[in-house]
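Participant: As a plain string of letters, each chain reads:
Number of protein chains: 2
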Amino acid sequence: MKRTVFYVSDGTAITSETFGHTLLTQFDGVVFEQETIPFVTDKEAAQRVVEAVRQAAERDGQRPIVFSTLLDPEIQAMVAACDALILDMFSVFIQPLEIELQTKSNHTMGRSHGLTDRGAHKVRIDAVNFALRHDDGASTEHYDDADVILVGVSRCGKTPTCLYLALQFGIRAANYPLTPEDLEVMRLPVPLRRYQDRLFALSIDPERLQQLRSERRPDSPYSSLSTCRNEVRDAEALYRIEKLNFLDTTGVSIEEIASRLLQTVGLDRRMF
Amino acid sequence: MKRTVFYVSDGTAITSETFGHTLLTQFDGVVFEQETIPFVTDKEAAQRVVEAVRQAAERDGQRPIVFSTLLDPEIQAMVAACDALILDMFSVFIQPLEIELQTKSNHTMGRSHGLTDRGAHKVRIDAVNFALRHDDGASTEHYDDADVILVGVSRCGKTPTCLYLALQFGIRAANYPLTPEDLEVMRLPVPLRRYQDRLFALSIDPERLQQLRSERRPDSPYSSLSTCRNEVRDAEALYRIEKLNFLDTTGVSIEEIASRLLQTVGLDRRMF
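Chains A and B, in that order, are what the protein sequence lines are.
Per our numbering, the very first residue in the first sequence carries number 1; after that it's consecutive.
Per our numbering, the very first residue in the second sequence carries number 1; after that it's consecutive.
Same shape as in the complex, but just chain A (with noise of 0.2 Å):
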């Protein structure tokens, strides 16, 4: 069974995807054609939406779903109309919450994933820059501005991590590699050991570490199993001595693991 799924949104429609893609998860064994509409801000935008929308019900002999996020009741109404299930986030939500707060919403267009706060934006930027020049030990200098330091073996999943943590909360997070050298010595290399409440570590299955190494180095000792065994063996061994937190990333999306570092070193988030 195959369906086509719409985000429909005055703004990105990063909210309308996110609130789709969450539900249509819960459903198997449907394929879904999605496609994504941001910036519907006028009439002429929202009559492209029902043609597609229109085209997409005559080519699957079915009518499409549509998630959307506008706020402009004329625009709203236009997409409203057509022949499809149209599941709207404002239109059910909006208004339970002005009873609640007793205040009218403004309606105003393109508010989130606005962050025209050019504080909120600096942060996120600073973050970026932050999580560039401290990946992989580039630098250890400013570990003091750091909010969390990444370690674990080469290829663990700490670079996207940083770079997530940035962009998505603005966290300054450094990362430092755990180098075979680092492991025989069995304990913090020295650029750490200040900052022990401060660093969360990563651990990886060793055969998926195998596979992750081996699209950069085929068929080298970095790649090999018995490398990968033994650094994961033994970084889990000092993780365990220094008493870090630690976490398994075999599996797990690089959004999870954020989320679980913030729960653990108890990080708030630095913009919303």
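Any given hint might turn out to be false.
Taking lysine-lysine pairs in the DSSO-like style, the calculated list, with each CA pair at most 27 Å apart, reads [to be verified]:
(1) A:K122 <-> B:K43
(2) B:K2 <-> A:K2
(3) A:K43 <-> A:K104
(4) A:K104 <-> B:K2
(5) B:K122 <-> A:K2
(6) B:K122 <-> B:K43
I should point out that these hints are in silico values taken from the structure, not numbers from a laboratory.
Let chain A serve as the given structure and place chain B on it in line with the hints.
Facilitator: Leaving out everything else, chain B in the frame of chain A:
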């Protein structure tokens, strides 16, 4: 007026946060104290939510607002019984989808942002690595593999946009900084000429650019207003001569730059 808001989920709570943030941006004049509680997967965790909500109500003298994405009926019921305004995405939207798709939802927790699918995870990690290798013109090799190449003067927003495109959409984005030397020639730099159809140019208000550059190198020729004015003027002239799509990033969030780029270049997401 201050109100406490909880984002509660059996997973990362990212959907719940996105859902709630978007709605709250519609209300001015209210200060929201926000708390995220992820991974509420058992009764003990649900009980901690109930207690946190109770304490916030007592502290504020007003009932809290709870945005929740909970699937387990027992856990959902425990949270729903709180003295709070409960806005639950699943309880509203799952049923119409079940009817429309003539399928029962699987009620499986932690599906969204799961990305346990290795294919999608690899697309994403490869895109992050691509962005890092091709940041700031570091390497102009492999431009054949780029989905898009961002061009613009230093500090106009290229790097964070490329990283966001990689993490959010799995898009392989390179970026190339236009130097004063490039701008003097008033032609596309040689490495870019073969790729005109996948270029996306950024511009920025010169005064905003001056602020951004001053944070990096204050009181330098690089950050002087006259340098910023000249570079922006010449860059925009070049974009017009070369007929490049360009976007003014002043006061525009990374999310919006990325969405506009996808729409303008006509790029599809590589992962959902």
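Participant: Now, for every hint given, state plainly whether the structure supports it.
Facilitator: Hints and how they fare:
Proposed proximity of K122 (chain A) and K43 (chain B) is contradicted: the alpha carbons are some 40 Å apart, above 27 Å. Distance restraint check for K2 (chain B) and K2 (chain A): the Cα-Cα separation of roughly 46 Å exceeds the 27 Å cut-off, and the hinted pair is therefore not satisfied. At most 27 Å may separate the alpha-carbon atoms for a hinted pair to count; K43 (chain A) and K104 (chain A) meet this at roughly 24 Å. In summary, the hint linking K104 (chain A) to K2 (chain B) is supported, as the alpha carbons are separated by about 16 Å, within the 27 Å threshold.
At roughly 25 Å between alpha-carbon atoms, K122 (chain B) and K2 (chain A) fall within 27 Å of each other, so this suggested pair holds. Of the pairs offered as hints, the one joining K122 (chain B) and K43 (chain B) is violated, with about 35 Å between alpha carbons and a cut-off of 27 Å exceeded.
Of the numbered hints listed earlier, those contradicted by the structure are 1, 2 and 6.
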